[in-house]
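A.B. asks: So the protein lines, in turn, are chains U and W. Under the working numbering, the residue at position 261 of the first sequence is numbered 261, and the numbers go up by one with no gaps. Under the working numbering, the residue at position 247 of the second sequence is numbered 247, and the numbers go up by one with no gaps.
Note that these hints are calculated values from the structure, not bench results. Take the hints with a grain of salt, since some may be wrong.
Treat identical chains as interchangeable: a pair holds within one or across any two.
Cut-off 25 Å, straight-line C-alpha distance, at most; resulting in silico cross-link-like pairs (SDA-like, lysine to any residue) [claimed, not checked]:
#1 Lys227 <-> Gly165
#2 Lys207 <-> Leu166
#3 Lys108 <-> Leu92
#4 Lys168 <-> Glu129
There are 2 protein chains.
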Amino acid sequence: MSGKSENKKTDICKAPIGVFDSGVGGLTVMREIMRQLPNEKAVYFGDTARVPYGSKSKETVLRYSRQIIRFLRTRGVKAIVVACNTASAYALETIQEEIDLPIIGVVKPGAQVAAETTRSGRIGVIGTEGTISSRIYPEYIARWNPEAAVFGKACPLFVPLVEEGLLKDPVTEEIASRYLREFEGSGIDTLILGCTHYPLLRSTIGKVMGETVALVNPAYETARSLKELLREQKLENPGGMEEQAGQYEFYVSDSVQRFQRFASMILSFETTHAEQIQIEEY
Amino acid sequence: MSGKSENKKTDICKAPIGVFDSGVGGLTVMREIMRQLPNEKAVYFGDTARVPYGSKSKETVLRYSRQIIRFLRTRGVKAIVVACNTASAYALETIQEEIDLPIIGVVKPGAQVAAETTRSGRIGVIGTEGTISSRIYPEYIARWNPEAAVFGKACPLFVPLVEEGLLKDPVTEEIASRYLREFEGSGIDTLILGCTHYPLLRSTIGKVMGETVALVNPAYETARSLKELLREQKLENPGGMEEQAGQYEFYVSDSVQRFQRFASMILSFETTHAEQIQIEEY
Chain U
1 MSGKSENKKT DICKAPIGVF DSGVGGLTVM REIMRQLPNE KAVYFGDTAR
51 VPYGSKSKET VLRYSRQIIR FLRTRGVKAI VVACNTASAY ALETIQEEID
101 LPIIGVVKPG AQVAAETTRS GRIGVIGTEG TISSRIYPEY IARWNPEAAV
151 FGKACPLFVP LVEEGLLKDP VTEEIASRYL REFEGSGIDT LILGCTHYPL
201 LRSTIGKVMG ETVALVNPAY ETARSLKELL REQKLENPGG MEEQAGQYEF
251 YVSDSVQRFQ RFASMILSFE TTHAEQIQIE EY
Chain W
1 MSGKSENKKT DICKAPIGVF DSGVGGLTVM REIMRQLPNE KAVYFGDTAR
51 VPYGSKSKET VLRYSRQIIR FLRTRGVKAI VVACNTASAY ALETIQEEID
101 LPIIGVVKPG AQVAAETTRS GRIGVIGTEG TISSRIYPEY IARWNPEAAV
151 FGKACPLFVP LVEEGLLKDP VTEEIASRYL REFEGSGIDT LILGCTHYPL
201 LRSTIGKVMG ETVALVNPAY ETARSLKELL REQKLENPGG MEEQAGQYEF
251 YVSDSVQRFQ RFASMILSFE TTHAEQIQIE EY
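Work out the full structure, taking the sequences as your base and the hints as a guide.
C.D. replies: Right, here's the structure in full:
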């Protein structure tokens with residue numbers, strides 16, 4: 001009996017992580033998981049047909065998230081990462097109570113690190129209009145640092161600039177200086193890159209903000225939290241050479257071509273398996 | 001009897017035009033209708049909660065368009081303008097057979113003018129990725145000019161640049177020169193602004209393309225077609241001073257604030273009546 005139970009546990013450990021986002025931005029979280037948890041398999045779902053979530057109601061985002069989780073479960077995942085700011089804000093806490101899998105989002109890890117490491121007590125957050133107006137980051141930051149002053153600035157052009165591949169371009173630098181001018185005189189020493197696309201602009205944003213402001217990358221912090229969570233729950237994959245084949249799977253709700261173009265910009269290898277699925281059927 | 005029928009006809013003539021778009025871009029069509037048909041009332045609906053349509057399936061766009069038309073009918077419209085490229089491409093021909101109201105889209109009028117006025121027989125089209133990859137403009141152009149060569153170029157940054165208000169900005173000029181470089185050596189003498197946002201970039205685009213290339217504004221051509229249609233069907237509003245109050249109504253499916261900010265950039269007066277409605281209930 002104990003041998004069988006042992007095997008079952010090993011099976012669960014070998015199951016993949018499920019990662020989902022409203023589109024392609026969550027691939028920056030996927031990339032961090034690949035880097036920090038090289039023994040883990042992962043299944044990514046990007047809801048590219050229904051992107052963006054930011055302008056949709058809480059009920060709709062919750063419904064979409066439940067569908068995606070049902071799909072990820074068919075792939076036998078052992079834990080779920082909500083790699084989407086809007087879904088983390090609108091759906092995570094409800095879903096946490098509904099399912100028996102460990103699940104984490106991208107807002108909390110970034111907010112916690114910023115709240116705990118700021119010395120001036122003044123934190124900047126940049127994100128989409130939806131994320132900034134939701135005030136989700138100030139709300140989470142207050143849980144660890146109720147005294148902190150949080151300054152938000154929406155940067156609507158950053159996502160389309162990234163999706164056009166203009167990561168280190170004079171145009172992007174010019175737009176970044178205009179947006180980030182907002183923080184002049186605010187005294188922030190920490191800036192949260194509160195949108196999954198923004199880590200790709202890290203060097204441009206860093207150049208504009210200067211060395212005295214620490215940039216918090218929620219993708220990095222989320223992968224760290226995931227690692228901790230798997231260790232705590234004894235769900236880490238022991239790994240091994242035979243596990244390498246088919247380690248990462250990618251699914252989208254819209255055309256695969258556009259997704260692959262973007263994915264090849266973020267991930268250092270070709271996304272060998274990408275497939276379009278009918279998410280509304282889940 | 002004849003007097004009563006006469007009254008009924010006048011009533012219909014006094015009814016508003018219904019105009020709809022997936023978001024705010026269709027306001028450039030609304031603006032042309034206000035300019036060219038100053039006696040007409042109009043009701044605008046922008047589906048700002050479900051924008052963009054370009055990445056959605058044909059079935060979904062058709063379903064959304066039917067909902068919106070049901071809503072516009074509750075406002076007693078006498079004719080409908082589909083001020084959205086995707087809905088014109090995916091839904092117009094099906095809906096034309098389903099309803100008893102005159103209905104026109106934005107693709108045909110622009111395509112026809114370009115097809116009939118080009119002298120080189122070489123036409124450029126710029127639009128969103130959805131519009132360009134749908135090949136709807138080449139298809140329509142071929143109906144009037146089967147010999148014409150059509151060159152398409154997607155310009156994904158134009159919509160976000162317009163929505164940020166950067167209409168005449170060095171950044172927008174730089175991006176426009178990069179995109180439009182594509183047409184070098186193509187021999188086009190006509191360029192269709194195949195996205196409802198693009199007429200707002202007319203002067204920047206014109207500067208880059210030079211004076212030898214004619215810019216076709218589908219919003220302008222659509223208002224002209226509408227004027228002709230109303231005249232043919234004897235549906236023109238005779239007008240009169242008492243008609244001015246409440247001449248234009250605006251409805252959206254998402255927050256009114258963001259819509260009004262953009263509307264005030266396009267329309268020369270304040271949008272006095274804008275209201276959020278639950279479009280999914282129609």
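A.B. asks: Now look at each hint and say whether the structure bears it out.
C.D. replies: For each hint, the structure was consulted:
1. For the homomeric pair Lys227 and Gly165, neither the shortest alpha-carbon distance inside one copy (30 Å) nor that between copies (43 Å) is at most 25 Å.
2. In the homo-oligomer, the alpha carbons of Lys207 and Leu166 lie at most 25 Å apart both inside one protomer (15 Å) and across protomers (23 Å), since each shortest distance falls under that limit.
3. Taking the closest pair of Cα atoms, Lys108 and Leu92 come within 25 Å of each other only inside a single copy of the chain (11 Å); across copies the shortest separation is 45 Å, beyond that limit.
4. For a Cα distance limit of 25 Å, the shortest separation of Lys168 from Glu129 qualifies both inside one copy, at 23 Å, and across copies, at 23 Å.
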